[in-house]
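These protein sequence lines map, in sequence, to chains A and B.
My numbering numbers the first residue of the first sequence as 1 and each following residue consecutively.
My numbering numbers the first residue of the second sequence as 1001 and each following residue consecutively.
It is possible that part of the hints are untrue.
As the list claims (entries may be wrong) - Heads up, simulated DSSO-like pairs for lysine-lysine below, C-alpha to C-alpha not over 30 angstroms straight-line:
no.: 1; chain 1: A; residue 1: K309; chain 2: A; residue 2: K209
no.: 2; chain 1: A; residue 1: K96; chain 2: B; residue 2: K1053
no.: 3; chain 1: B; residue 1: K1295; chain 2: A; residue 2: K93
no.: 4; chain 1: A; residue 1: K230; chain 2: A; residue 2: K287
no.: 5; chain 1: A; residue 1: K93; chain 2: B; residue 2: K1053
no.: 6; chain 1: B; residue 1: K1053; chain 2: A; residue 2: K94
no.: 7; chain 1: A; residue 1: K92; chain 2: B; residue 2: K1193
no.: 8; chain 1: B; residue 1: K1200; chain 2: A; residue 2: K92
no.: 9; chain 1: A; residue 1: K93; chain 2: B; residue 2: K1193
no.: 10; chain 1: B; residue 1: K1381; chain 2: B; residue 2: K1295
no.: 11; chain 1: B; residue 1: K1200; chain 2: B; residue 2: K1227
no.: 12; chain 1: A; residue 1: K41; chain 2: A; residue 2: K9
no.: 13; chain 1: B; residue 1: K1193; chain 2: A; residue 2: K94
no.: 14; chain 1: B; residue 1: K1200; chain 2: A; residue 2: K94
no.: 15; chain 1: B; residue 1: K1381; chain 2: A; residue 2: K96
no.: 16; chain 1: A; residue 1: K9; chain 2: A; residue 2: K209
no.: 17; chain 1: B; residue 1: K1200; chain 2: A; residue 2: K41
no.: 18; chain 1: A; residue 1: K92; chain 2: B; residue 2: K1053
no.: 19; chain 1: B; residue 1: K1381; chain 2: B; residue 2: K1369
no.: 20; chain 1: A; residue 1: K230; chain 2: A; residue 2: K9
no.: 21; chain 1: A; residue 1: K96; chain 2: B; residue 2: K1193
It should be emphasised that the hints constitute simulated quantities derived from the structure, not laboratory data.
Keep in mind the model is a prediction, meaning the values are calculated, not measured.
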Amino acid sequence: MANIKTLAKREEEQVRFGWGHALCAGCGIPIVVRTVLNSIKEPVVVANATGCLEVATTLYPYTAWNVPWVHTAFENAAATISGVETAYRALKKKGKVDGEIRFVAFGGDGGTYDIGLQALSGALERGHRFLYVCYDNEAYMNTGIQRSSATPLGAAATTEPPGKESFGKHRHRKDLTQIVAGHHIPYVAQASISHWQDLSRKVERAVSKEGPSFINVMSTCFRGWRHEAKFTTEIARLAVEARFWPLYEIDEGEWRLNYVPEEPIAVRDWLKLQGRFSHLFRPEEKKDVLAQIQAEIDRGWEELLARCKVAPTV
Amino acid sequence: MATRASEQLRVLTGHQAVAEAMRQIEPDVVAAYPITPQSEIMHYFAEFVANGKVRTELITVESEHSAMSACVGASVAGARTMTATASQGLALMIEIVYIASAMRCPIVMAIANRALSGPINIHCDHSDAMLGRDAGVAQLFAEDAQEAYDFMIMAQRIAEHPSVLLPVWVNLDGFTLTHTADVVELLEDELVKEFVGEYKPRYPLLDVDHPTTQGPFALPEYYFELKRQQVDAMESVPQVLLEVQAEFARLSGREYQGFFEPYYLDDAEYVIVVMGSTAGTTKEAVDTLRARGEKVGLLKLWLFRPFPREEIAAALEGKRAVAVLDRALSLGNYGPLYLEVSSALYEAQRRPRLYNYTYGLGGRDTTAKQLEAVFMQIQEKTFGKEMHYIDLRE
Ligand SMILES: Cc1ncc(C[n+]2csc(CCOP(=O)(O)OP(=O)(O)O)c2C)c(N)n1
Ligand code: SF4
Ligand SMILES: [Mg+2]
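Given the sequences, and given the hints that come with them, work out the whole structure.
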């Protein structure tokens, strides 16, 4: 497993991502991208869905990418990388390219849970050898913090704002990791920017697989979540501690829970730190909504425990 | 050097003719999704893959949107890439067709023309092709299976020409051409391979030693210039087409000199302009009327995009009257082809009277008799300038 020194050394040898990107200072996305790219030894080719990552890193004529990178549209990163990966196999067969290449697609929650779900499902079912990384910041951030199906119950979003008749998003989030698990691909995992070593190990496992792999990474957006930028990784860590975002993996069908909080925090304490939930506490506390959120977390955790072998890696 | 003796005569449907061309070209990657009347092209091609007749990697995607996206991915990666679709499939692709053009992907696409919904219909018209009118794809229309086959092969060279690098659509009328058998002369496999040559991409994404960023975000400072490059690419198509046609003629003996086929056009006073299989029916009407001494002729358009403005204007200038036959609507105005032809004629000194007919929507049959009637109607100076409909119950 790569330790921090290995990752740093790899970045010294080849900066794969970084120069002059325009992601907000304090954004979680660059942590995802750098950890993913530095955890892969082989040359990498990246496909990117439209979203914050794409617009903030490729403002023509500049680029923050030092690996081959392609973007076509919002809903089709998985289909695009399917084509790239297939071209690689076709050309390799004809001796026109050689060497090992790993293929990684990055998409936000909007580009993955919502508009890109079909393309993702298709690519997974077809069995292309690629890693799909969803950086899940729980809303369409690039276009103005609109709700996605990853936006949690009770969060404020510009398309589902709190108001006299509303407490914000009125539905629980979709469980994409388990939807992907239903494809029975070699490797599926959930990770967080707060546990980079766990993420790094998961990336190594993922790209070692002959077929498709998927990692859903919790990536905070301080602007949309409304917390101070310096708490980026801390908020992500507390999401794990609250069991809101369990770290687990499904490796060749074996479900493994990678982290069990010793003393889980109540979700209430996590929500309170974020402006997007402030209406749940003011003017008075919306106890029923908070209870619903906690109940859903407890239900999800029990379900996961029943399925998983507890195999702490962090 | 190739001779016609090396060709083989076969009785093939349009589907088979296109699939044979694809087999001979043997692209690196094909991504496609089934839709009537395109499906059989892919059935035949999938058989070729299954039996090792081609080494192509076939991506059986879950939608046309993904088909086009995978094609762009494969093309930028550096692979020779093809697809085929129709109607709703093309409508679903169109977002990515614009992107394919902007990313300068030389993807050859067979379009088995079919009416767009709604109502849903599976038969031919050109409404699907019109989706690509402004997309930055070169568009050829075939009259018969032979042309469809020949155009597929020529399209490869046009698309990949260094000054073009754009998608090329080969349109063939759904059912009329795709599902009916005709005698088709196939070239020898090796000759086709030699003719299309090897695809040498300039900036393949898979060149990991020279990383490229493809499909970036371009704001007002650059977007406009990037679009202008597409304009230049489009404008270089006609010259490239002529060169490719000349080379193809040497190979096959089949002469496609120019952007349209004139049929008794030179001395004609009354002309029909039409694309696709109805050109064949129009030829029948012309033959009948010519036998009666009527000075009628046909301009069968092969190249719809880029639109050969000057050549069309020159060919129609001085005619007494011209009927432009549209197999698609541009709801809210005259038909798309009429608008193109009339704007091309704007600069002409001796403009013919120009009429617009809509025909064959949703697969309605158009007969030679009806086209004879068109030739007679446009001879009347008082004939109305409103849109005319062939064989429509009002
Ligand atoms: C077909 C299409 N619909 C809508 C958009 C507008 N759009 C661009 S990015 C985006 C939201 C992206 O959200 P997400 O995937 O979560 O990424 P983030 O912005 O959070 O990084 C939207 C709605 C688009 N580009 N294309
Ligand atoms: S808006 Fe949010 S997700 Fe987008 S760059 Fe800024 S912090 Fe990152
Ligand atoms: Mg998002």
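Status of the hints after comparison with the structure:
1. With a C-alpha separation of about 21 angstroms, the suggested pair A:K309 and A:K209 falls inside the 30 angstroms cut-off, and the hint holds.
2. Using a Cα cut-off of 30 angstroms, the hinted pair A:K96 and B:K1053 holds, with the two alpha carbons roughly 20 angstroms apart.
3. For the given pair, B:K1295 sits about 59 angstroms from A:K93 by alpha-carbon distance, which is inconsistent with the 30 angstroms threshold.
4. A C-alpha spacing of about 29 angstroms is found between A:K230 and A:K287, which places the hinted pair at or below 30 angstroms, so the restraint holds.
5. Distance hint between A:K93 and B:K1053 is fulfilled; the C-alpha atoms sit about 15 angstroms from each other, no more than 30 angstroms.
6. Between B:K1053 and A:K94, the direct Cα distance comes to roughly 15 angstroms. Compliance with the 30 angstroms bound is thereby established for this hinted pair.
7. Restraint check for A:K92 and B:K1193: satisfied, since their Cα atoms lie roughly 20 angstroms apart, inside the 30 angstroms limit.
8. Using a Cα cut-off of 30 angstroms, the hinted pair B:K1200 and A:K92 holds, with the two alpha carbons roughly 15 angstroms apart.
9. Restraint check for A:K93 and B:K1193: satisfied, since their Cα atoms lie roughly 18 angstroms apart, inside the 30 angstroms limit.
10. With a C-alpha separation of about 16 angstroms, the suggested pairing of B:K1381 with B:K1295 holds against the 30 angstroms cut-off.
11. Straight-line distance between C-alpha atoms of B:K1200 and B:K1227 comes to about 24 angstroms, which keeps the hinted pair within the 30 angstroms bound.
12. Taken as a hint, the A:K41 and A:K9 pair is honoured in the structure, with Cα atoms around 11 angstroms apart against an allowance of 30 angstroms.
13. Distance check on the hinted pair: B:K1193 and A:K94 sit about 15 angstroms apart at the alpha-carbon level, within 30 angstroms; holds.
14. The suggested pairing of B:K1200 with A:K94 holds, with an alpha-carbon distance near 14 angstroms, which does not exceed 30 angstroms.
15. Note on B:K1381 and A:K96: the hinted pairing is violated, with a Cα-Cα distance of about 64 angstroms set against a maximum of 30 angstroms.
16. Between A:K9 and A:K209 the alpha-carbon distance is near 24 angstroms, which keeps this suggested pair within the 30 angstroms criterion.
17. Distance restraint check for B:K1200 and A:K41: the Cα-Cα separation of roughly 29 angstroms lies within the 30 angstroms cut-off, and the hinted pair is therefore satisfied.
18. In summary, the hint linking A:K92 to B:K1053 is supported, as the alpha carbons are separated by about 18 angstroms, within the 30 angstroms threshold.
19. With a C-alpha separation of about 21 angstroms, the suggested pair B:K1381 and B:K1369 falls inside the 30 angstroms cut-off, and the hint holds.
20. The hinted pair formed by A:K230 and A:K9 meets the criterion: a straight-line CA distance of about 26 angstroms does not exceed 30 angstroms.
21. Restraint check for A:K96 and B:K1193: the C-alpha separation of about 17 angstroms stays at or below 30 angstroms, so the hint holds.
Hints 3 and 15 from the list above are not met by this structure, while the remaining hints are.
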